[in-house]
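**Student:** Sequence:
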Amino acid sequence: MVRSSTLRVGFFVALLTVFAYLLVLIVRPFLTALLAALLLAVLLAPAQRRLAPRAGEKVAAFGLVTLSLTAVAAIVAVLVVAAPSGLTDLSTVLQGFPAGNAAERRIENLLGVEVPLESIVESVPRRVAELLFGDVSMLVSATTDFFLGAVLFLFVLYYLLVDGDSLIDWVEDRLPLNDETTAELHEEAYQTTWAVLKGHVFVAVVQGAVAGVGLFVVGIPDVLFWSFVMMVLELFPVLGVAGVLGPAALYLGLQNRLLAAAFLVVYGMTAVAVVDDYLRARVVDRESSLHSATILVGVFGGVYAFGVMGLFYGPIVVGLFKTLARVLDERYVSES
Numbered sequence: 034m035v036r037s038s039t040l041r042v043g044f045f046v047a048l049l050t051v052f053a054y055l056l057v058l059i060v061r062p063f064l065t066a067l068l069a070a071l072l073l074a075v076l077l078a079p080a081q082r083r084l085a086p087r088a089g090e091k092v093a094a095f096g097l098v099t100l101s102l103t104a105v106a107a108i109v110a111v112l113v114v115a116a117p118s119g120l121t122d123l124s125t126v127l128q129g130f131p132a133g134n135a136a137e138r139r140i141e142n143l144l145g146v147e148v149p150l151e152s153i154v155e156s157v158p159r160r161v162a163e164l165l166f167g168d169v170s171m172l173v174s175a176t177t178d179f180f181l182g183a184v185l186f187l188f189v190l191y192y193l194l195v196d197g198d199s200l201i202d203w204v205e206d207r208l209p210l211n212d213e214t215t216a217e218l219h220e221e222a223y224q225t226t227w228a229v230l231k232g233h234v235f236v237a238v239v240q241g242a243v244a245g246v247g248l249f250v251v252g253i254p255d256v257l258f259w260s261f262v263m264m265v266l267e268l269f270p271v272l273g274v275a276g277v278l279g280p281a282a283l284y285l286g287l288q289n290r291l292l293a294a295a296f297l298v299v300y301g302m303t304a305v306a307v308v309d310d311y312l313r314a315r316v317v318d319r320e321s322s323l324h325s326a327t328i329l330v331g332v333f334g335g336v337y338a339f340g341v342m343g344l345f346y347g348p349i350v351v352g353l354f355k356t357l358a359r360v361l362d363e364r365y366v367s368e369s
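Every position in the sequence shown, counted from 1, becomes a number in the working numbering once 33 is added.
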């Protein structure tokens with residue numbers, strides 16, 4: 034009898050493992066879209082809870098999805114308009130550098146290192162063109178994948194907003210943990226996710242905007258485009274807005290606009306740095322208690338594991354691992 038029961042349990046475990054593997058194969062092509070929908074659902078959940086009693090769950094969810102889609106479409110439209118102009122101006126700026134050896138000598142005197150500037154200037158427009166239009170078939174395939182992922186993203190986001198609480202309850206009911214431990218893990222996961230969203234996305238947006246003001250003051254063209262680039266770079270702890278402010282200051286110096294270059298350097302080291310330190314101290318450090326080195330590992334490791342969504346999920350996974358280790362120690366190891 035015991036042997037028969039063990040066989041039945043073993044059979045179901047094996048069957049569950051097979052179907053779990055098949056589920057991974059199904060989900061993997063659209064993992065980025067699913068992770069994005071999950072993250073945005075967490076972000077919109079408070080608004081959904083406030084609107085649902087007044088408008089109904091489905092109407093509230095549909096309105097939030099529509100609002101999100103409109104916001105994303107507006108951002109994409111601005112980038113589509115600004116990116117070609119920004120890249121064209123970049124090419125013009127690079128080609129407008131003092132030619133050949135004169136520019137190289139100026140950089141060598143300024144930095145103390147030799148830079149083959151002429152070959153770099155000649156290769157940049159070609160590299161950009163290859164990146165954007167090099168493989169038409171790959172571009173078509175990427176467009177198709179993007180369309181399918183976008184449709185899946187919208188549907189999953191809608192149903193997560195409508196039935197997200199029921200899904201959470203279903204998962205929690207099947208965890209082999211007591212109610213107190215489950216509630217603590219739920220709360221820690223929620224707080225960690227919000228800390229990452231506020232401590233990285235919000236800070237990156239503010240940092241990019243503040244740095245963009247500096248570019249505007251010194252007369253760098255296409256400020257909107259470069260502000261967006263800095264927002265993206267700010268998601269990487271090592272890069273940040275310096276990835277744009279540094280080359281911009283160097284360009285101004287090579288154009289003999291030394292006062293503007295000095296202003297941009299000082300502005301980046303004061304205003305931008307103060308905003309960064311203040312916001313991170315008030316948000317990410319206080320709420321997630323994650324060390325900066327841990328955040329760095331989470332971001333880069335997350336990108337390697339999950340793609341672009343790893344920028345957000347990497348630190349979240351690291352934070353949840355820390356929480357699980359603490360709960361294990363407090364509730365099981367210490368008690369034993």
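Read the hints as simulated data drawn from the structure, not as lab findings. Treat each hint with caution, since some may be false.
Stated by the list, open to error - Restraint-style ranges between C-beta atoms, simulated for each label pair:
{"id": "1", "residue 1": "108", "residue 2": "54", "range": "32 to 40 Å"}
{"id": "2", "residue 1": "210", "residue 2": "64", "range": "20 to 28 Å"}
{"id": "3", "residue 1": "199", "residue 2": "340", "range": "25 to 33 Å"}
{"id": "4", "residue 1": "59", "residue 2": "203", "range": "14 to 22 Å"}
{"id": "5", "residue 1": "215", "residue 2": "59", "range": "25 to 33 Å"}
{"id": "6", "residue 1": "306", "residue 2": "210", "range": "22 to 30 Å"}
{"id": "7", "residue 1": "180", "residue 2": "363", "range": "41 to 49 Å"}
{"id": "8", "residue 1": "216", "residue 2": "110", "range": "40 to 48 Å"}
{"id": "9", "residue 1": "54", "residue 2": "208", "range": "19 to 27 Å"}
{"id": "10", "residue 1": "204", "residue 2": "62", "range": "22 to 30 Å"}
{"id": "11", "residue 1": "103", "residue 2": "177", "range": "33 to 41 Å"}
{"id": "12", "residue 1": "90", "residue 2": "45", "range": "48 to 56 Å"}
{"id": "13", "residue 1": "48", "residue 2": "276", "range": "48 to 56 Å"}
{"id": "14", "residue 1": "206", "residue 2": "114", "range": "25 to 33 Å"}
Glycine is no exception: its CB is placed at the ideal position from the N, C-alpha and C atoms.
**Student:** The structure should be examined with respect to each hint, and the outcome stated for every one.
**Tutor:** These are the hints, each one checked on the structure:
The supplied range of 32 to 40 Å is met by residue 108 and residue 54, whose beta-carbon atoms lie about 37 Å from each other. Between residue 210 and residue 64 the CB atoms are about 27 Å apart, so this pair conforms to the stated range of 20 to 28 Å. Checked against the hint of 25 to 33 Å, the C-beta distance between residue 199 and residue 340 comes to roughly 29 Å, which is consistent with it. For residue 59 and residue 203, the Cβ-Cβ distance of about 19 Å falls inside the hinted range of 14 to 22 Å, so the restraint holds.
Roughly 28 Å separates the CB atoms of residue 215 and residue 59, a value that falls within the hinted 25 to 33 Å. Judged by the Cβ atoms, the range 22 to 30 Å given for residue 306 and residue 210 is violated: they are separated by roughly 43 Å. In this structure the hint that residue 180 and residue 363 lie 41 to 49 Å apart at CB holds, the actual value being about 47 Å. Taking 40 to 48 Å as the suggested C-beta distance range, the pair residue 216 and residue 110 conforms, at roughly 43 Å.
Take residue 54 and residue 208: their Cβ atoms lie about 22 Å apart, and the range 19 to 27 Å holds. One distance hint, 22 to 30 Å for the beta-carbon pair residue 204 and residue 62, holds here, with the actual separation near 23 Å. Restraint check, residue 103 to residue 177: a C-beta distance of roughly 24 Å breaks the suggested window 33 to 41 Å. At roughly 34 Å, the beta carbons of residue 90 and residue 45 sit outside the given window of 48 to 56 Å.
In this structure the supplied range 48 to 56 Å holds for residue 48 paired with residue 276, their Cβ-Cβ distance being about 50 Å. Under the hint 25 to 33 Å, the C-beta atoms of residue 206 and residue 114, about 49 Å apart, miss the expected range.
When the structure is compared with the earlier hints, violations turn up for hints 6, 11, 12, 14 and for no others.
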